[in-house]
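Undergrad: Chain residues, written in single-letter form:
Protein chains: 2
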Amino acid sequence: MALSILFLFLFNFILPSFSHPFDPLSPLEIQIVTSTIKSNFNLTSRLTFHYVGINEPNKHDVLLWLANPRSPPLPREAFVVARANKQTREFLVSIADGRGTIVSQSVYRGSGFPTLTFEEQTEAIDLALKYPSVVSSMEKRGLNVSNVVGSVFTIGWFGQAHNETQRVVKVLFFYKESTVNVWVRPVEGVETVVDLDQMVVTEFQDVQRCVLPKSEGTDYRASSMQPPFAAETKPINVVQPLGPSFVVKGHTVSWANWDFHLSFDMRVGIVISTASIYDVDQRKKRQVLYQGSLSELFVPYQDPTEEWYYRTFMDAGEFGMGSAAVELEPHHDCPSNAVFFDAFHGGQDGNPVKLTNAYCMFEKYAGNIAWRHTESAIPGELIREVRPDVSLVIRTITVIGNYDYILDWEFKKCGSIKFAVSLTGIMEGKTTPHKHTSEIKEEIYGLLVAQNTIGINHDHFLTYYLDLDIDGQENSFVKGKLTSFKTDGSTPRKSYWSVVREEAKKELDARNLPTEPVELYIVNPNKETTIGNQVGYRLIPGPMPRPLLLEDDYPQRRGALCDHNVWITPYNRSEKWAGGMYVDRGRGDETLNIITQRNRDIWNKDIVLWHTIGFHHHPSQDEFPIMPTLSGGFELRPTNFFERNPILKMKAP
Amino acid sequence: MALSILFLFLFNFILPSFSHPFDPLSPLEIQIVTSTIKSNFNLTSRLTFHYVGINEPNKHDVLLWLANPRSPPLPREAFVVARANKQTREFLVSIADGRGTIVSQSVYRGSGFPTLTFEEQTEAIDLALKYPSVVSSMEKRGLNVSNVVGSVFTIGWFGQAHNETQRVVKVLFFYKESTVNVWVRPVEGVETVVDLDQMVVTEFQDVQRCVLPKSEGTDYRASSMQPPFAAETKPINVVQPLGPSFVVKGHTVSWANWDFHLSFDMRVGIVISTASIYDVDQRKKRQVLYQGSLSELFVPYQDPTEEWYYRTFMDAGEFGMGSAAVELEPHHDCPSNAVFFDAFHGGQDGNPVKLTNAYCMFEKYAGNIAWRHTESAIPGELIREVRPDVSLVIRTITVIGNYDYILDWEFKKCGSIKFAVSLTGIMEGKTTPHKHTSEIKEEIYGLLVAQNTIGINHDHFLTYYLDLDIDGQENSFVKGKLTSFKTDGSTPRKSYWSVVREEAKKELDARNLPTEPVELYIVNPNKETTIGNQVGYRLIPGPMPRPLLLEDDYPQRRGALCDHNVWITPYNRSEKWAGGMYVDRGRGDETLNIITQRNRDIWNKDIVLWHTIGFHHHPSQDEFPIMPTLSGGFELRPTNFFERNPILKMKAP
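Which chain is which? The protein sequence lines are S and A, in order.
Using full-length UniProt numbering, you'd call the opening residue of the first sequence number 1 and step up by one each time.
Using full-length UniProt numbering, you'd call the opening residue of the second sequence number 1 and step up by one each time.
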């Protein structure tokens with residue numbers, strides 16, 4: 001126990017004083033859990049940890065605890081995914097009194113593999129870079145091997161039988177001489193396949209010598225810039241002379257009328273739980289969201305040729321939106337009034353890894369207006385009431401290789417929760433001998449964005465998991481179909497529209513494609529306002545073009561989360577992953593498209609809303625060599641949740 | 001000329017020192033123009049001015065002048081719409097040396113009437129409120145007549161022959177006792193029709209006595225509020241210690257890489273002209289937008305019954321987005337770093353009317369990121385570059401009776417222009433005897449938002465006029481259709497999408513409905529980047545549900561601007577109005593749907609992009625008695641306009 005005592009000493013000062021069942025594992029808890037597994041596991045080969053996080057307590061227990069947070073904390077339990085002996089193993093480990101106990105363990109025998117670790121990616125790259133054939137290929141090209149860097153690419157699944165599927169990745173190469181913008185200088189033609197379990201290069205090929213695009217003008221560092229510079233503007237800043245209005249105790253946040261729990265998970269990043277809003281009329285807190293997070297992020301590239309066809313990434317399940325989150329830069333990644341928080345996750349070896357400034361929280365005032373009116377109908381009176389709009393933002397930024405995803409949760413005093421997804425970073429470039437579009441006669445699957453560089457067409461589909469509990473656990477999903485009607489001719493008007501309510505009784509009724517005018521409600525069928533409207537929230541969907549891959553194409557089977565923009569499932573603690581749990585090389589056996597085929601009852605049940613937003617991205621030169629941010633998002637908006645505008649009685653500023 | 005000299009004395013100090021052909025008429029110019037008309041016109045009946053604005057100079061002349069702004073100013077000419085002897089008259093008046101000369105005048109004989117004046121609306125209301133039958137109807141209801149207010153409602157067009165159509169409006173009544181929120185307390189059943197030309201009540205009816213909803217809880221003034229108040233947060237502000245970065249000379253604005261002319265028109269509000277962006281690589285200004293503004297705003301309500309069917313407003317043409325713009329409140333309608341500008345328009349009597357703080361300009365920093373990347377592929381190096389996003393916003397707020405429209409133009413350093421439309425204010429309420437939804441058996445065309453109050457279903461369709469001149473006058477419109485393809489089977493991938501370019505040669509080719517994945521480009525077919533891509537901008541469309549009225553219903557014929565979300569026309573100085581010039585009681589003879597039927601050539605022509613965004617609004621209780629802001633918008637984004645990211649060389653902050 002000496003080890004435990006040491007860790008207690010080291011980490012005790014950051015143990016939260018306010019505990020909540022969804023608190024992420026502390027560094028000490030991570031250490032206890034992985035030590036327990038290591039000491040109980042007969043290590044005949046190397047053991048790598050791919051996921052270490054809390055095992056979500058039973059919802060019933062959490063809700064009981066929430067009703068009385070002074071009751072004893074719920075038992076702590078960890079869920080662990082590890083890899084050993086070429087097998088994926090799942091563990092449940094309970095933690096009590098500074099000790100861990102293995103509650104259960106099992107071998108996962110389905111399709112797909114766990115999230116890659118950062119360490120094994122680094123190891124695979126190192127291995128590939130030292131591989132003699134790679135070295136000689138680079139030398140043959142006249143490249144300085146010390147300037148070659150590698151990157152790991154997952155390779156998807158293309159119809160292989162389960163027993164033929166190995167946990168392999170491709171390591172591809174880029175050249176960093178004269179620029180840090182390696183993504184626009186791929187050393188194409190050279191490819192290695194690395195088996196991550198055995199950590200050996202299993203395949204190598206050097207098929208063709210491609211052109212290396214020039215480095216000039218591709219570096220994006222201020223330090224490498226020469227004049228003329230882009231136009232500058234004078235300093236601008238957000239100030240809060242009395243400090244921020246939010247209060248963070250442990251992982252629990254209070255701000256304005258909102259209370260919620262904020263956690264950070266290595267797979268999905270930010271997790272918001274047990275969010276409730278204070279109803280000033282009812283003088284009580286009312287539940288809105290039991291738990292929500294990003295679930296999966298599907299990025300299929302649209303070049304079907306040999307060196308690109310497999311690039312059909314599932315970023316959350318393959319790389320980890322939390323473990324690939326990057327340190328935020330104060331004043332720039334978040335404004336000066338932001339507060340930053342560190343996060344911890346389990347490293348491959350089981351030791352806690354600290355991510356400094358993993359997420360930030362700030363009040364946002366963009367100059368917008370919460371509500372206003374100028375009244376001129378009343379003679380002799382000037383009536384004008386304006387309420388500025390201040391909201392609370394929680395931001396994390398995940399970088400998957402070349403792309404940067406800025407992911408914001410925004411809580412508004414009017415009860416809305418808004419989600420913003422902003423894409424920036426560097427587009428993946430493919431080399432081409434062409435220097436001018438006039439030379440191009442063939443399909444290039446993208447756009448010539450610079451000499452010798454094609455920006456390849458691709459998509460980003462993000463599915464959010466939103467376990468809404470609107471004023472209670474049992475909810476229903478209603479489509480309000482805006483429908484045209486002819487009049488009876490009693491007035492000169494010939495037509496109008498009205499809302500035809502369609503109740504989704506089963507999972508398959510709920511699926512939606514954004515082609516027809518429809519309002520999407522999550523309601524509590526057991527709660528009404530005093531005048532009899534069903535209490536609810538409305539989804540104002542984000543951008544969602546219909547998917548364009550063939551339904552039976554392998555990437556579309558794995559990425560079926562984008563078959564619809566809305567799905568509803570009955571709550572099931574094990575169903576959290578829109579693309580399935582083990583997506584690396586998975587066959588798509590557990591996507592939303594599959595699990596909803598059971599067509600379970602969803603009326604007046606504890607239900608989960610899954611919302612997919614998407615971007616088709618056909619690159620342009622203006623996005624080279626680094627991409628101005630492109631944003632999209634969606635909103636959950638109270639709809640007959642309140643008796644009236646909940647910010648009517650917001651004081652004048 | 002003594003009069004002119006007096007006005008010269010009064011207004012000289014505000015004559016712009018920098019002149020531009022699109023400068024709005026100065027107060028002196030307004031006075032000269034209307035005095036000229038008055039003194040040249042044989043006044044046998046009253047003469048009312050409905051529009052006084054500049055007559056847009058010939059585009060060729062403007063472009064010549066722009067190329068050398070030190071050349072003499074272009075001649076000033078005003079366009080005037082007036083009403084006299086029950087006729088609509090159009091005048092062109094030239095202004096030179098402080099004198100006006102009538103260049104042309106004509107009587108408009110087509111369908112529809114000009115924009116209502118503020119003064120005639122007030123007069124009509126006063127008339128109706130004093131009308132003996134109205135007074136007695138109010139007294140019969142036990143209402144205090146001094147607490148009754150009126151409001152003017154345009155009544156649309158429903159198939160009447162032209163010679164049967166009179167310039168009449170309805171004046172409806174509301175009760176202000178105990179609340180200033182008159183819109184939720186309509187005195188229904190009593191209706192008057194007022195002939196605006198004769199200024200007489202032509203019809204009166206008192207058909208039924210309806211319930212008057214209670215006033216309690218409907219007032220939105222801070223002064224009328226009792227605790228408990230909505231949650232408060234600590235002060236937050238935007239500061240610019242060195243002041244703003246924009247320079248305004250006369251009506252010309254320079255900010256960062258943008259230069260444009262900013263004007264204010266009584267019909268459409270903000271007008272942006274001759275906007276160009278400085279290209280740091282080419283070291284020159286490049287044209288983007290010759291002129292842009294809101295063109296029309298169509299608001300059809302969806303209750304086809306006797307008292308509501310006609311409510312199918314065309315706000316710009318009927319009420320004037322500029323003349324109905326309201327004074328902005330510093331610190332609240334726009335943030336503290338905003339600068340405010342006054343505007344002038346011609347009143348009904350021809351005298352200039354000053355609108356204080358008609359629009360504001362401010363730099364916006366919402367904590368967003370212009371571009372960023374963290375690079376972890378290069379061992380041993382921490383590379384992180386982040387550029388905060390600061391933009392320039394121009395805001396105006398127009399209040400049409402109950403609704404407040406917050407209209408923002410946003411210029412971004414990356415070359416994008418974003419347009420935001422935010423809806424707030426008060427929903428129109430219809431009374432009902434019902435106090436609970438369980439009592440409702442019939443169709444109510446909306447939602448019971450409070451006891452005795454139905455929020456009626458309605459739409460807001462906004463069409464923007466955008467005369468883009470992308471790097472020159474001759475442009476083309478291209479749809480990039482995202483199309484699925486099967487592969488040849490040479491790799492395991494079965495499908496991909498690619499962009500199939502469809503060039504719009506004629507007006508009817510260009511029309512678009514937002515149902516299929518498509519990229520919408522305005523390109524300059526005569527200009528290429530150095531690597532051969534057509535220089536262009538892309539429209540990222542705003543929300544646009546398909547219209548739901550029958551095509552042959554009268555409101556839809558007048559509001560055909562929402563038949564499609566994109567229309568392209570060849571530039572024609574006289575085609576500026578998506579719903580036609582004279583929309584009050586108009587037959588829709590000049591909507592976009594009609595004018596594009598000529599199917600003119602649009603390839604490699606000076607073309608205009610019209611973009612319609614829309615909101616279907618099914619009310620909710622949370623929006624009563626005043627509505628939390630609901631926003632939508634769209635973006636014009638450079639697409640191969642620049643050789644590369646134009647803000648790559650933005651200095652680190």
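Don't read these hints as lab results, they were simulated from the structure.
For clarity, every value in this text was computed on a predicted model and none was experimentally measured.
Take these hints with a grain of salt, some might be off.
Same chains, same label: a pair holds when it works inside one copy or across any pair of copies.
[To be verified] In silico DSSO-like cross-links for lysine-lysine, where the CA-CA straight-line distance does not exceed 30 angstroms:
1. K441 with K486
2. K435 with K649
3. K38 with K576
4. K285 with K249
5. K486 with K170
6. K651 with K214
7. K651 with K506
8. K130 with K176
9. K86 with K479
Undergrad: With reference to the structure, classify each hint as holding or not holding.
TA: Checked hints:
no.: 1; hint: K441 with K486; result: between (53 angstroms within a copy, 19 angstroms between copies)
no.: 2; hint: K435 with K649; result: between (62 angstroms within a copy, 23 angstroms between copies)
no.: 3; hint: K38 with K576; result: within (27 angstroms within a copy, 74 angstroms between copies)
no.: 4; hint: K285 with K249; result: within (18 angstroms within a copy, 53 angstroms between copies)
no.: 5; hint: K486 with K170; result: between (60 angstroms within a copy, 25 angstroms between copies)
no.: 6; hint: K651 with K214; result: between (59 angstroms within a copy, 23 angstroms between copies)
no.: 7; hint: K651 with K506; result: neither (44 angstroms within a copy, 55 angstroms between copies)
no.: 8; hint: K130 with K176; result: within (17 angstroms within a copy, 83 angstroms between copies)
no.: 9; hint: K86 with K479; result: neither (47 angstroms within a copy, 50 angstroms between copies)
Checked against the numbered hints above, the structure violates hints 7 and 9; every other hint is satisfied.
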